[in-house]
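Student: Now for the letters of each chain:
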Amino acid sequence: MIHARDLARTFKTKSGPVEAVRGVSLDVAEGELVAFLGPNGAGKSTSVRMLTTLLPPSSGGALVGGHDIVRDPAAVRRKIGYVGQGTGSGPYHRVRDELITQGRAQRMSAADARRRADELLGMLELEGLADRDCSSLSGGQRRRLDVALGLMHTPQILFLDEPSTGLDPHSRANLWGHITRVRKESGMTIFLTTHYLDEADMMAERVMIMDHGRMIADDTPERLKADLAGDTIRVSFLGDGETVTAAELAQNLPQARDIAPNGRSLTLTVRDGEAILPEFIARLQAKGLDIATASVRRPTLDDVFLGLTGRSLRENAVAA
Amino acid sequence: MSFITDTATSFRREIGPTLRSWYYIIFGIIQPLLYLGLFVPLLTNVPTGAEGSPLQWFVPGMVVMLVLFTTVSCGWALTEELMSGSFERFLATPMSRPAILVGRALKELAPLLVQALIIIVVAASFGLQLHILPMLIGLVLLLVFGVGVAALSYALAIASKNDGSLFYMVSHSVALPLMLLGGVLLPMEMAPDWLYIASRFNPLTFLVEAERALFIGEVFSVTVLYGALVAVAVAVVGIAIGAATIRKASL
Numbered sequence: 002m003i004h005a006r007d008l009a010r011t012f013k014t015k016s017g018p019v020e021a022v023r024g025v026s027l028d029v030a031e032g033e034l035v036a037f038l039g040p041n042g043a044g045k046s047t048s049v050r051m052l053t054t055l056l057p058p059s060s061g062g063a064l065v066g067g068h069d070i071v072r073d074p075a076a077v078r079r080k081i082g083y084v085g086q087g088t089g090s091g092p093y094h095r096v097r098d099e100l101i102t103q104g105r106a107q108r109m110s111a112a113d114a115r116r117r118a119d120e121l122l123g124m125l126e127l128e129g130l131a132d133r134d135c136s137s138l139s140g141g142q143r144r145r146l147d148v149a150l151g152l153m154h155t156p157q158i159l160f161l162d163e164p165s166t167g168l169d170p171h172s173r174a175n176l177w178g179h180i181t182r183v184r185k186e187s188g189m190t191i192f193l194t195t196h197y198l199d200e201a202d203m204m205a206e207r208v209m210i211m212d213h214g215r216m217i218a219d220d221t222p223e224r225l226k227a228d229l230a231g232d233t234i235r236v237s238f239l240g241d242g243e244t245v246t247a248a249e250l251a252q253n254l255p256q257a258r259d260i261a262p263n264g265r266s267l268t269l270t271v272r273d274g275e276a277i278l279p280e281f282i283a284r285l286q287a288k289g290l291d292i293a294t295a296s297v298r299r300p301t302l303d304d305v306f307l308g309l310t311g312r313s314l315r316e317n318a319v320a321a
Numbered sequence: 002m003s004f005i006t007d008t009a010t011s012f013r014r015e016i017g018p019t020l021r022s023w024y025y026i027i028f029g030i031i032q033p034l035l036y037l038g039l040f041v042p043l044l045t046n047v048p049t050g051a052e053g054s055p056l057q058w059f060v061p062g063m064v065v066m067l068v069l070f071t072t073v074s075c076g077w078a079l080t081e082e083l084m085s086g087s088f089e090r091f092l093a094t095p096m097s098r099p100a101i102l103v104g105r106a107l108k109e110l111a112p113l114l115v116q117a118l119i120i121i122v123v124a125a126s127f128g129l130q131l132h133i134l135p136m137l138i139g140l141v142l143l144l145v146f147g148v149g150v151a152a153l154s155y156a157l158a159i160a161s162k163n164d165g166s167l168f169y170m171v172s173h174s175v176a177l178p179l180m181l182l183g184g185v186l187l188p189m190e191m192a193p194d195w196l197y198i199a200s201r202f203n204p205l206t207f208l209v210e211a212e213r214a215l216f217i218g219e220v221f222s223v224t225v226l227y228g229a230l231v232a233v234a235v236a237v238v239g240i241a242i243g244a245a246t247i248r249k250a251s252l
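Sequences listed follow chains A and B, in order.
Following the working numbering, the numbering of the first sequence begins with 2 at its first residue and continues without gaps.
Following the working numbering, the numbering of the second sequence begins with 2 at its first residue and continues without gaps.
With the rest of the complex left out, here is chain A (with noise of 0.2 angstroms):
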């Protein structure tokens, strides 16, 4: 569905060029829904910009839908909808004129544009607000006008530029709840950008992680977690100097890394850590060691980007 390669943009700023993305390249097959992860700025708007249409690459070229992205962008804009960053619903229009002229934008019937309005009104819960002006709508029901908008006529791919950012807890899994029905019942290939990790995390079948302007990472939530973060265990003992026998007896792990005394309580992080708790557990018994506690900490994606990094997501979503 998406075959990207070499995408580059760089923007001329009054400092100088600024290389926003740097070279990407990614396949997304039809009905995968995939995320696009990453502190802002690191060039996820600008890659889906370019893939929408919206932004004609520096270099490199991609084909969306089939059809290539330079040569023949009307083709690529028939066959995805695409929510963008920004509020897409006009504040002096009403919520049924703006899906309408929509569908119309997108070359529909009349008759047609007003049946899936109404279908689609009935699907994101906006049906009372169908005459409102959209500048009244709450920010939850102006994001699934949004999304409503985006999918007027029923797109093949559909691009979510950070579709729940701004939204408090609830909406976003109302939003979400919506998005995920919309795909379970039309097998629609989804690409979204966000830098909510929980929410590349719970939602996306494979992530891509993208740090200035690169792709650094692009597997499955569970496997990048595996094999770029691992899972952490922690054991604390009751007795004191007993946590120098217990490192020891951690070396011996497979793949065992990260090992810290500290205090009564011993970390390390290995892969595959329920497996392997019980087993160290069973060789900390046999030599003695009375446990006090025992976890294992599964790794977020924040472990696996902080892995890639040094730097955490987190504060750079607060930073920002």
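The hints are simulated quantities; they were obtained by calculation from the structure and are not laboratory data.
By construction, the Cβ of each residue, glycine as well, lies at the ideal position given by its N, Cα and C atoms.
A portion of the hints provided could be inaccurate.
Think about it this way: if two alpha-carbon atoms lie no more than 27 angstroms apart in a straight line, the pair counts; the simulated DSS-like pairs of lysine-lysine are [to be verified]:
hint	chain 1	residue 1	chain 2	residue 2
1	A	Lys-15	B	Lys-249
2	B	Lys-162	A	Lys-15
3	B	Lys-249	A	Lys-13
4	B	Lys-249	A	Lys-80
These stretches of chain B come out as covered by chain A in the derived footprint (C-beta under 8 angstroms, 3 or more residues) [as the list claims (entries may be wrong)]:
hint	segment
5	8 to 18
6	84 to 98
Please build the complex by placing chain B on the supplied structure of chain A, with the hints as guidance.
Tutor: Relative to the frame of chain A, chain B by itself:
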């Protein structure tokens, strides 16, 4: 074909809110009526070169001024949508770029035509002689001209990005001298030589003169031809620049 349907789509979207607040169209007519009431009487003894009521000379120029000032600032409405993201939404659809602009421009011009017709009807009751067909041709010329100016205004709005005051400064420092040099308020024949010569380099002068000719019922003349050429040229250049600006813009 898609250009026409896309223009219609764009026009229909924009005209909706205007029709819902139609009373603003009436407010927009107050200023022109003040000119007719408080300025035109000053022209009674001014040699305008036209016979009959000074309205015959003044009304066509004033309608040009009305169109110029409204369309030159209509990019303002776009800056809001450029910032919010709703303009971008249309750029991600297969809509023709020039059609998006032309549809919006026509939405600005539709109320202007209504206002112009009201002004003509009001002026007619104070001595403006009606030449229906030539006057309608005059309004069509204004429509063509207005689409071009509006498209340029949109291009300026896109180019000045989110800087509203830059847009305002540039648009008004262009429109005001054009209007003054176009001989809208007083006949340029009264001007000192240098000013008269400057006015001959102002395309708007030719449009104003064409409108004045049409308003006295003259259709087949060189004056009207030049005015028509100016209107078409402004439209072609405006739409071309507007569409090119959208294509190149990295919003």
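Student: Which earlier hints can't be squared with this structure?
Tutor: none
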